[in-house]
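*Asks:* In this text, residue positions in the sequence shown follow our numbering: the first is 2, and each later residue adds one.
By construction, these hints were calculated from the structure, which means they are not laboratory data.
Simulated pairs of lysine to any residue, SDA-like, Cα-Cα distance not exceeding 20 Å:
| # | residue 1 | residue 2 |
| --- | --- | --- |
| 1 | 206 | 183 |
| 2 | 118 | 36 |
| 3 | 182 | 208 |
| 4 | 259 | 315 |
| 5 | 300 | 21 |
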Amino acid sequence: MTAVRPVEWLGDRLMIIDQTRLPQHEVYLELADVHQVAEAIRSLKVRGAPAIGVAAAYGIALGVQQIETRDPEKFRREYQSVSSEIAATRPTARNLFMAVERLAAAVGQAGGVIEAKEAVVAEAEKIHTEEIEATGKIAEFGAALVKDGDTILTHCNTGPLATTGRGTALGVIIEAHRQGKRVEVLATETRPLCQGARLTAWELKREKVPFWLITDSMAGHFLKESRVDLVVVGADRIARNGDTANKVGTYAIAVLAKENGVPFYIAAPSSTFDERIATGAEIVIEERSADEVTHLYGKRTAPEGIEVCNPAFDVTPSRYITGFITEQGVTGPPVKI
Numbered sequence: 002m003t004a005v006r007p008v009e010w011l012g013d014r015l016m017i018i019d020q021t022r023l024p025q026h027e028v029y030l031e032l033a034d035v036h037q038v039a040e041a042i043r044s045l046k047v048r049g050a051p052a053i054g055v056a057a058a059y060g061i062a063l064g065v066q067q068i069e070t071r072d073p074e075k076f077r078r079e080y081q082s083v084s085s086e087i088a089a090t091r092p093t094a095r096n097l098f099m100a101v102e103r104l105a106a107a108v109g110q111a112g113g114v115i116e117a118k119e120a121v122v123a124e125a126e127k128i129h130t131e132e133i134e135a136t137g138k139i140a141e142f143g144a145a146l147v148k149d150g151d152t153i154l155t156h157c158n159t160g161p162l163a164t165t166g167r168g169t170a171l172g173v174i175i176e177a178h179r180q181g182k183r184v185e186v187l188a189t190e191t192r193p194l195c196q197g198a199r200l201t202a203w204e205l206k207r208e209k210v211p212f213w214l215i216t217d218s219m220a221g222h223f224l225k226e227s228r229v230d231l232v233v234v235g236a237d238r239i240a241r242n243g244d245t246a247n248k249v250g251t252y253a254i255a256v257l258a259k260e261n262g263v264p265f266y267i268a269a270p271s272s273t274f275d276e277r278i279a280t281g282a283e284i285v286i287e288e289r290s291a292d293e294v295t296h297l298y299g300k301r302t303a304p305e306g307i308e309v310c311n312p313a314f315d316v317t318p319s320r321y322i323t324g325f326i327t328e329q330g331v332t333g334p335p336v337k338i
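Using the sequences and the hints, build the whole thing.
*Replies:* Set out below in structure tokens:
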């Protein structure tokens, strides 16, 4: 099976798989400048916290390569414009800002314009390599938690598409399957944009992992009926105390898992942890377009002229989280990274 490469640096362009076209069409886009990368992140052509961080880094690298001035002061002003455009795309995913901060540090340590351009590309490639390595370790540590015969519930999409590596929560599931464990998956549809139905189902089918697709509102039923042995999901930002922002709907699943005695794990690389914030109350929640709720696959499904709330994420308090699966191992909240 051909490996999926959701983000690939081509030196003077960035190639991504357009996740908005899956599963019907496997389309790759070549992005030529920082504006196209920013639009791709904003419109979810590339998504998932680790993949966003990698794409953000390469987007800045692409923008920096196209800065023509040799004057250090003018270069830094233009660099700031490039970096700010990427930083403004999505407010919740920690990995995006991790990439922005690391590239800014690389520029700050460079001796001149040419050295700064080289440093930015090198740091972006390093971030990409680190995310691939981290998800490999996450998959292996997490698979050890899975017992033969387990049914695992997961929410949203956390596979190679979302990470550029082996995946976080979905990487755990796929690795357990590859080890020969008889696992089955309940994958939520994940409204409003159906990342579970479109992307997780596509990845699980490719890997030949047995699964059922369910609507988000069915999760409580299967948890109550003792049809779930383990819940594993990803994360977009994790506070010092372990409070975790993830795709909206995660909080409800965590509460229901706790009520029904089902272990609930977060799988995420250390790059998703935000040591600067104490609790989830400080996490900025992205509010997205009403069209994502009123339309499904481009077709209007709700009356015109109505009010809509569309938070992309919710925050699960650490008390509902059994543990975190990171590249450093499995730990309980509060987590030390």
